[in-house]
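Novice: Can you join these two chains into the complex? Each is in its own frame, and there are hints to help.
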Amino acid sequence: MQSIKLIKGEFNEHIEMPLAPGIKAGFPSPAEDYLHESLDFNRDLIKHPESTFYGRVDGDSMEDVGICDGDIAVIDRSVEPQNGDVVVGYVNGDFTIKFLDLTHKGEGYIELRPANKNYQPIRIDIDDNFEVWGVVVWTIKNWKK
Amino acid sequence: MGIKTGTPYFQLAQQFPDAKIAVFSSNYELYGELTGRVVSIIRQKAPAYFRYSIDECFVYWEGFDGVNLKEWGENLHKRIRKSVGMPVSIGLAPTKTLAKMASHFAKKYPGYRHCCLIDNEEKRKKALKLYPIDEVWGIGRRYAAKLQSLGVQTAYDFAEKSDSWVRATFNNIVIYRTWQELNGVDAVPNEEMAKKKSICTSRSFNGMVTGSDTLKTHVSNYAARCAEKLRQQGTVGTIVAVFLHTNAFREDLPQYWNFQEKRLTVGTNSTIDIVKAASEVLRSIYIKGYHYKKAGVIVMGIGPNSPMQLDLFDYNAEQFQKMKRLDAVIDRINKVNGTETIVLGSQQYTQKDGKGKADVFANAIKHDFRSKNPTTRWSDIIQLK
Chain A
8 MQSIKLIKGE FNEHIEMPLA PGIKAGFPSP AEDYLHESLD FNRDLIKHPE STFYGRVDGD
68 SMEDVGICDG DIAVIDRSVE PQNGDVVVGY VNGDFTIKFL DLTHKGEGYI ELRPANKNYQ
128 PIRIDIDDNF EVWGVVVWTI KNWKK
Chain B
24 MGIKTGTPYF QLAQQFPDAK IAVFSSNYEL YGELTGRVVS IIRQKAPAYF RYSIDECFVY
84 WEGFDGVNLK EWGENLHKRI RKSVGMPVSI GLAPTKTLAK MASHFAKKYP GYRHCCLIDN
144 EEKRKKALKL YPIDEVWGIG RRYAAKLQSL GVQTAYDFAE KSDSWVRATF NNIVIYRTWQ
204 ELNGVDAVPN EEMAKKKSIC TSRSFNGMVT GSDTLKTHVS NYAARCAEKL RQQGTVGTIV
264 AVFLHTNAFR EDLPQYWNFQ EKRLTVGTNS TIDIVKAASE VLRSIYIKGY HYKKAGVIVM
324 GIGPNSPMQL DLFDYNAEQF QKMKRLDAVI DRINKVNGTE TIVLGSQQYT QKDGKGKADV
384 FANAIKHDFR SKNPTTRWSD IIQLK
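Just so you know, the sequences run in chain order A and B. In terms of my numbering, the first sequence opens at residue 8 and continues consecutively. In terms of my numbering, the second sequence opens at residue 24 and continues consecutively.
Note that these hints are calculated values from the structure, not bench results. Be a bit skeptical, because a hint or two may be false.
[To be verified] Below, computed lysine-lysine pairings styled on DSS-like, alpha-carbon distance capped at 25 angstroms:
{"hint": "1", "chain 1": "B", "residue 1": "Lys101", "chain 2": "B", "residue 2": "Lys130"}
{"hint": "2", "chain 1": "A", "residue 1": "Lys112", "chain 2": "B", "residue 2": "Lys408"}
{"hint": "3", "chain 1": "B", "residue 1": "Lys184", "chain 2": "B", "residue 2": "Lys152"}
{"hint": "4", "chain 1": "B", "residue 1": "Lys105", "chain 2": "A", "residue 2": "Lys54"}
{"hint": "5", "chain 1": "B", "residue 1": "Lys316", "chain 2": "B", "residue 2": "Lys299"}
{"hint": "6", "chain 1": "A", "residue 1": "Lys112", "chain 2": "B", "residue 2": "Lys105"}
{"hint": "7", "chain 1": "B", "residue 1": "Lys130", "chain 2": "B", "residue 2": "Lys149"}
{"hint": "8", "chain 1": "A", "residue 1": "Lys148", "chain 2": "B", "residue 2": "Lys408"}
{"hint": "9", "chain 1": "B", "residue 1": "Lys285", "chain 2": "B", "residue 2": "Lys316"}
{"hint": "10", "chain 1": "A", "residue 1": "Lys148", "chain 2": "A", "residue 2": "Lys54"}
{"hint": "11", "chain 1": "B", "residue 1": "Lys68", "chain 2": "A", "residue 2": "Lys54"}
{"hint": "12", "chain 1": "B", "residue 1": "Lys285", "chain 2": "B", "residue 2": "Lys347"}
{"hint": "13", "chain 1": "B", "residue 1": "Lys252", "chain 2": "B", "residue 2": "Lys285"}
{"hint": "14", "chain 1": "B", "residue 1": "Lys68", "chain 2": "B", "residue 2": "Lys101"}
{"hint": "15", "chain 1": "B", "residue 1": "Lys169", "chain 2": "B", "residue 2": "Lys152"}
{"hint": "16", "chain 1": "A", "residue 1": "Lys148", "chain 2": "A", "residue 2": "Lys124"}
{"hint": "17", "chain 1": "B", "residue 1": "Lys252", "chain 2": "B", "residue 2": "Lys395"}
{"hint": "18", "chain 1": "B", "residue 1": "Lys68", "chain 2": "A", "residue 2": "Lys151"}
{"hint": "19", "chain 1": "A", "residue 1": "Lys112", "chain 2": "B", "residue 2": "Lys101"}
{"hint": "20", "chain 1": "B", "residue 1": "Lys347", "chain 2": "B", "residue 2": "Lys358"}
{"hint": "21", "chain 1": "B", "residue 1": "Lys408", "chain 2": "A", "residue 2": "Lys124"}
{"hint": "22", "chain 1": "B", "residue 1": "Lys130", "chain 2": "B", "residue 2": "Lys105"}
{"hint": "23", "chain 1": "B", "residue 1": "Lys101", "chain 2": "A", "residue 2": "Lys54"}
{"hint": "24", "chain 1": "B", "residue 1": "Lys239", "chain 2": "B", "residue 2": "Lys285"}
{"hint": "25", "chain 1": "B", "residue 1": "Lys93", "chain 2": "B", "residue 2": "Lys169"}
{"hint": "26", "chain 1": "B", "residue 1": "Lys131", "chain 2": "B", "residue 2": "Lys101"}
{"hint": "27", "chain 1": "B", "residue 1": "Lys239", "chain 2": "B", "residue 2": "Lys311"}
{"hint": "28", "chain 1": "A", "residue 1": "Lys54", "chain 2": "B", "residue 2": "Lys358"}
{"hint": "29", "chain 1": "B", "residue 1": "Lys358", "chain 2": "B", "residue 2": "Lys395"}
{"hint": "30", "chain 1": "B", "residue 1": "Lys131", "chain 2": "B", "residue 2": "Lys93"}
{"hint": "31", "chain 1": "B", "residue 1": "Lys347", "chain 2": "B", "residue 2": "Lys299"}
{"hint": "32", "chain 1": "B", "residue 1": "Lys146", "chain 2": "B", "residue 2": "Lys123"}
{"hint": "33", "chain 1": "B", "residue 1": "Lys358", "chain 2": "B", "residue 2": "Lys252"}
{"hint": "34", "chain 1": "A", "residue 1": "Lys148", "chain 2": "B", "residue 2": "Lys395"}
{"hint": "35", "chain 1": "B", "residue 1": "Lys408", "chain 2": "A", "residue 2": "Lys152"}
The following block holds chain B by itself, in its conformation from the complex (with noise of 0.2 angstroms):
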């Protein structure tokens, strides 16, 4: 229909007043559901992979004789399609930015048939010339317009430029080993892409806030689901950054936004310890009077659980173990009981749920459109007539 990503949705209506549109909010519960299925599959059908994000997945193939990669490809596909139902677009070739090129073509062009294969120089060539600079994965918004200003258009433009043309120009490593990849050299290295790894949750409030109680609660919530998250991976995280921002679309009221972190002197991956910094953050940042649209907690400086680094002077070993031993247990209890059976006060909404209890993340994140989830809970189940 031609709707761009971040359309305000009360725009919509104005837009296209004849159409027909179903609006849905973005339901992560079901979407992470249903793409872990999809990495399973994914798993039992390929030598290594790497969950890049919710949504991306590499495999690596060292060497494929005897493979039809092509012909992989696409039974992968369509066993994804048939199990999950959903469908999902296929790119291989020899570096990762070729790959998640093809797999841009896989999902434009039906001929494909959700998979496409880069695999000699023709192709390849062919490829980078149909490929517009600012869509090339590594190359953000700012490079690009740089790259555009200095009459790099495609990516092969930008790929048939000179080894020493693209260091005396930029003098940025990912943009070289960007340029180096768009040539067919594998140089965007994995540790490199687990490195860049932070840990984010936030959240688009259901209206807006301006309360700072409502602010910090949500806050909480999601330096907890942080260090959850933390914990899940077997991780700490050493800078806890918190930014929160108004509503840019309504040009009618005051704007304001703030990122602000705050470092660690020790990696933890402590619920109480992460909602603690995230909560001194928002109050450095935060401002009365202003309509606030959406907040967000980051982990960053993430490092291996152990051996840790510690910090002589703030260490206190049996604190440590404490806490260690209640995260334990409250992880368990949330994940045998359901979420958020057991939550810091500081998570709790000063309002009342139905019952007269106070309000959960889960209730007051709820929002207007939000798609049931048939996967992940009892009550959402669909029904069969």
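Here chain A stands alone, though its shape is the one from the complex (with noise of 0.2 angstroms):
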């Protein structure tokens, strides 16, 4: 009878790999002692896999801050928004960038604020059920076309 592949759960999100320099007969590397993993962009700027989704600039509104038409955003969802973070917010049907605005939480409203004079910022009141869609934790442009 064929058996069933259990999984077990890991607990912590990651699993340390120890480098594993490998077994030689002859002269050992001298560079085994200098081994690093490689930089990887994949590892190190994307913390929570599960919940980090991608997005395309589309407009000019947070142009002053250097996020502009066509940059790629890096979102994690998992990440609690605070105020003056970039973020990611779903109103009226649209995605949009900008920056979270708490400074009148208080009154019971909170902002939306682009980075362009053009552009208005987006006010929204608490009773609305507004939730932040998600926190920008990183963007990429791209210099070489």
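Specialist: As structure tokens, this is what we get:
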């Protein structure tokens, strides 16, 4: 009878993989003591793969802080949004990228602030059942088209 | 709204003339990617788990001293909801059948806050009484009809029957185990779930297909996909089955369906072997003149990749090793350079894509109402205004 593979859960987020230098019979490589894992954006920039999504910036509402049309945003939904974070909100059927301004939370509303004087902040009343869709943790810009 | 599963699309406009209905074709690419994220979260929060299907997962707790399971489940739901944006229903109970039932209650009644726990006799009986027999996990339509004709309407009616009654009436191990499970005895072995497992790739066609060429290309692609899944799992299959059928809702057209299988002498997960077998079966069941709506390939008799049972007369070690290497190379290229970079000739469609190249599966099955794939394709990622 075929047995089933039960997969044991990992209780922590990451498993540290020790680097195996391998067993060699000849002269030991002098570089072995200096071995280090390669830099890896997927590993180092994306802390929570299961809650990370990507979006493409469409428009110039955040231009003044260098978030421009065509840039790619890396969005983590598991991060708790803080005042001043760049966030993605879902407003009137559209995703929008703005600064989160919680200054007026006590007065019953929050604001999504653009970084471009041609745009107005979006005011959202606390009663509107609004949820920040995710927090922007990185943006990626292509310079060499 | 009360739209039943399986309602044909063209009937919706008649049934709901004033309603605004958004229609989406099934998008397994997106669904599979998101449920993969869900499983990845479950893995971090549970001692052991088994993924049962694309959207069902069993978690095992052996003795849960000191764990508040209800709270654990509610937190797990919250975590998944926040991270992935997908609501899940969690059922916790002493047996798999009761857990499935509990998950159904968790989905139906908001009061459970997405997690329903059956951990005592009172709750078990209450749940059984509320549960129609034909919705019990493991009770197929035929057995449900038989049970109903014998006066069994709810899961409770069935659970209350005696051991000897169940044995005498059905003489069927699956039904007996279900009865045990409803009574709180953990009886469905994990092995059983794996043994039952078959790999199936099937699609409803966009429109209807009459020609054998297009049908053969579709079936080759389903077969290739099955082979790929076998290799991912590290398993081989020994039975390749193909089914096809016409559109049952088109009463104005002649109807036909068939299902045949071919047993292989040696278990295999090679694309070439499985495509060949599926094509053979298709030839034997295809009849010209019908308008086909759906076809699929099912691989059964699944076992571990090695040690393999070898057929002495049919086994060519050199050939076998070559095929294995070929599949490994194809898998790697398709993984690095994108799915369907390399396919068999029989997987290519005769029609051309926009660039004049032979069309591939992903385009040929493109659905009219497919939603975007924002997590698997750069071209589909969400737009931020």
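Novice: Now look at each hint and say whether the structure bears it out.
Specialist: Status of each hint after checking the structure:
A threshold of 25 angstroms between alpha carbons decides the hint, and for Lys101(B) with Lys130(B) the separation of about 14 angstroms falls inside it, so the pair holds. For the hint linking Lys112(A) to Lys408(B), the alpha-carbon distance of about 24 angstroms falls within 25 angstroms, and the restraint holds. Straight-line distance between C-alpha atoms of Lys184(B) and Lys152(B) comes to about 14 angstroms, which keeps the hinted pair within the 25 angstroms bound. A C-alpha spacing of about 15 angstroms is found between Lys105(B) and Lys54(A), which places the hinted pair at or below 25 angstroms, so the restraint holds.
Taken as a hint, the Lys316(B) and Lys299(B) pair is honoured in the structure, with Cα atoms around 22 angstroms apart against an allowance of 25 angstroms. At roughly 21 angstroms between alpha-carbon atoms, Lys112(A) and Lys105(B) fall within 25 angstroms of each other, so this suggested pair holds. At roughly 17 angstroms between alpha-carbon atoms, Lys130(B) and Lys149(B) fall within 25 angstroms of each other, so this suggested pair holds. For the proposed pair Lys148(A) and Lys408(B), the alpha carbon gap of about 16 angstroms is at most 25 angstroms, so the pair holds.
Of the supplied pair hints, the one linking Lys285(B) and Lys316(B) holds, its CA atoms being roughly 23 angstroms apart against a limit of 25 angstroms. The straight-line distance between the Cα atoms of Lys148(A) and Lys54(A) is roughly 20 angstroms, inside the 25 angstroms bound, and the hint therefore holds. Taking the CA atoms of Lys68(B) and Lys54(A), the gap is about 17 angstroms. The hint holds against a cut of 25 angstroms. For the hint linking Lys285(B) to Lys347(B), the alpha-carbon distance of about 21 angstroms falls within 25 angstroms, and the restraint holds.
For the given pair, Lys252(B) sits about 19 angstroms from Lys285(B) by alpha-carbon distance, which is consistent with the 25 angstroms threshold. Distance check on the hinted pair: Lys68(B) and Lys101(B) sit about 12 angstroms apart at the alpha-carbon level, within 25 angstroms; holds. Note on Lys169(B) and Lys152(B): the hinted pairing holds, with a Cα-Cα distance of about 19 angstroms set against a maximum of 25 angstroms. For the suggested pair Lys148(A) and Lys124(A), the alpha carbons sit about 22 angstroms apart, so the restraint of at most 25 angstroms is met.
Proposed proximity of Lys252(B) and Lys395(B) is supported: the alpha carbons are some 23 angstroms apart, at most 25 angstroms. Our distance criterion of 25 angstroms between C-alpha atoms is broken by Lys68(B) and Lys151(A), whose separation comes to about 43 angstroms. For the hint linking Lys112(A) to Lys101(B), the alpha-carbon distance of about 24 angstroms falls within 25 angstroms, and the restraint holds. Restraint check for Lys347(B) and Lys358(B): the C-alpha separation of about 16 angstroms stays at or below 25 angstroms, so the hint holds.
In summary, the hint linking Lys408(B) to Lys124(A) is supported, as the alpha carbons are separated by about 15 angstroms, within the 25 angstroms threshold. Note on Lys130(B) and Lys105(B): the hinted pairing holds, with a Cα-Cα distance of about 17 angstroms set against a maximum of 25 angstroms. A C-alpha spacing of about 19 angstroms is found between Lys101(B) and Lys54(A), which places the hinted pair at or below 25 angstroms, so the restraint holds. Of the supplied pair hints, the one linking Lys239(B) and Lys285(B) holds, its CA atoms being roughly 16 angstroms apart against a limit of 25 angstroms.
Between the alpha carbons of Lys93(B) and Lys169(B) the distance comes to roughly 36 angstroms, so the proposed pair goes past 25 angstroms and is violated. Taken as a hint, the Lys131(B) and Lys101(B) pair is honoured in the structure, with Cα atoms around 17 angstroms apart against an allowance of 25 angstroms. Only pairs whose Cα atoms come within 25 angstroms are accepted, and Lys239(B) paired with Lys311(B) is accepted, the gap being roughly 13 angstroms. Straight-line distance between C-alpha atoms of Lys54(A) and Lys358(B) comes to about 23 angstroms, which keeps the hinted pair within the 25 angstroms bound.
At roughly 21 angstroms between alpha-carbon atoms, Lys358(B) and Lys395(B) fall within 25 angstroms of each other, so this suggested pair holds. Note on Lys131(B) and Lys93(B): the hinted pairing holds, with a Cα-Cα distance of about 17 angstroms set against a maximum of 25 angstroms. This hinted pair checks out: Lys347(B) and Lys299(B) have alpha carbons roughly 16 angstroms apart, not beyond 25 angstroms. Distance check on the hinted pair: Lys146(B) and Lys123(B) sit about 14 angstroms apart at the alpha-carbon level, within 25 angstroms; holds.
A distance of roughly 13 angstroms separates the Cα atoms of Lys358(B) and Lys252(B); the hinted pair therefore holds under the 25 angstroms criterion. A threshold of 25 angstroms between alpha carbons decides the hint, and for Lys148(A) with Lys395(B) the separation of about 23 angstroms falls inside it, so the pair holds. Taken as a hint, the Lys408(B) and Lys152(A) pair is honoured in the structure, with Cα atoms around 22 angstroms apart against an allowance of 25 angstroms.
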